[in-house]
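Line order of the protein sequences matches chains A and B.
Note that the working numbering numbers the first sequence so that position 4 is 4, with each residue one more than the last.
Note that the working numbering numbers the second sequence so that position 121 is 121, with each residue one more than the last.
Be aware that one or more of the hints could be misleading.
Where chain A lies over chain B, by a calculated footprint (3+ residues, C-beta under 8 Å) [said to hold, decoys possible]:
#1 18–25
#2 35–47
#3 61–72
#4 75–85
#5 151–165
Facing chain A, according to a computed beta carbon distance under 8 Å, are these residues of chain B, among others [stated by the list, open to error]:
#6 Ala53
#7 Leu204
#8 Thr209
Hints listed in this document are in silico derivations from the structure and should not be mistaken for laboratory results.
Glycine is no exception: its CB is placed at the ideal position from the N, C-alpha and C atoms.
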Amino acid sequence: MSAHSEAVEHSPSAGVMTFTKVWIGLLCLTGIEVFLAYMQTPVLIMLVALLGLSVIKAALIIAYFMHLKFERLSLFLTLWPFTVFCIILMLIFLGDAFRVPGMRPPL
Amino acid sequence: MSSHVTAAAPSLWEGGRSPYATNSKKFGMWLFIASDSLTFSALLFAYTFSRVANPNWPRPFHFSPSIIFSTIMTFCLLSSSLTMVMAVHSMNHGDRKKAAGWIFGTMAGGLGFVVLHLSEWMNLINNEHVSPSSNPWGVPLFGGTFFGLTGLHMAHVTIGLIYLAIIAQGILRGKFKAEDVEVSGLYWHFVDLVWMFIFPLVYLMSVSTGA
C-alpha cells in the first residue's frame, strides 16, 4: 500500500512547529516551578503558583498533544466540565484536615 | 395532498452519525482518561489531606539529588510526549517506519523515567529508611501516600511501555491504523499529564529546607 493511499483523513491539526513550541513552553514552565522550589518560596505562594502552572501545563497537553483543541466542542463538553466538577467536589472534605490537628488528644 | 415528509434533516443526535465526529476507540479512551483522572485526583487529595492534617509532615527531598532527578524524569516524560505526537503525525501521513521510530523514542523516554524513578525509590528506602508503613519522621502516612501515588503512576507508565511496544511492532507489520496510534498516544499523554501534578505537589512542595 503506498504511503499516499494509507494517509488517513483527519481533522485539522497543529504542525510540527506548533508541537515543538508547546514542548518548549512546557519545559519553561517546569523550569519556573523548579526555580520556585530552589528559592524556598513561602508555602502558600508556592502552592498557588505551582497549582496555577500545573493547570496551564495540563491545558497545553490536553489542547495540543491530546488534540482536544481540534476536536468537536461536544466532545470537550461531554468529558471535561463534569470531571473537573467532581474533582472540585473532593475539596469539600479538605476543611476537616485543618481541624484534625486540634482534635487530637494531647499525649 | 402535499407532502410534508421533506421535513428537516435528522439531527446529529438522532443516531446513525457520530455526534463527536470521532471513532469509538478514541471515545472509549477519552472515557477511560476521564475516569482515571478521578482515581488520581482522589489519591492526590488523600495525600494533600494527610499532609494538612499532620503539621510535622516530612520534607525529605533534598534539592540534589532528589529534585534534580525528578526534574530529569519530568524532562523524559515531556520529551516522550513530543515524540509520541510526532509518531501520530507520521502515521497520519502514512509513514509507518518513521512512526515506529518515534514510538521507540517515546519508549526510551518512558524507560528513562522508570529507571530514574526506581533509583529515587531505592534512595528513599535504603538511605532514608522510608517504607509504605514507617519512616524515621514518625508520620507513617507519608510512606503510604507517597508510594501509593507514585507507584500507581509508575504502573501506568509501565503499562504504557507495554502498550506502545505492541503498537510499534504492529505498525511495522502493517497491522494497526493511524487511529490506533492516536489512541495509544492519548494514553501516553495522560500519563504525562498526571505527572504534571504529582511532580509539583509531591516533590517540589516537599523540598528539604535543611542545608
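Hints and how they fare:
For the segment 18–25 of chain B, the stated coverage by chain A holds: 4 residues have a C-beta nearer than 8 Å to a C-beta of that chain, and at least 3 were required. Residues of the segment 35–47 of chain B with a Cβ under 8 Å from some Cβ of chain A number 5, which satisfies the need for three, so the listed coverage holds. With a threshold of 8 Å between beta carbons, the proposed coverage of the segment 61–72 of chain B by chain A holds, since 3 of its residues qualify and at least three are required. Look at the segment 75–85 of chain B against chain A: 7 of its residues bring a Cβ nearer than 8 Å to a Cβ of that chain, three or more, so the hint holds.
Residues of the segment 151–165 of chain B with a Cβ under 8 Å from some Cβ of chain A number 0, which does not satisfy the need for three, so the listed coverage is violated. Of the supplied interface hints, the one on Ala53/B holds, with its beta-carbon coming within about 4 Å of a beta-carbon of chain A, less than 8 Å. This hint holds: Leu204/B has a C-beta 4 Å from the nearest C-beta of chain A, less than the 8 Å allowed. Interface restraint check for Thr209/B: the shortest CB-CB distance to chain A comes to about 6 Å, inside 8 Å, so the restraint holds.
Violated hint: 5 only; the structure is consistent with all others.
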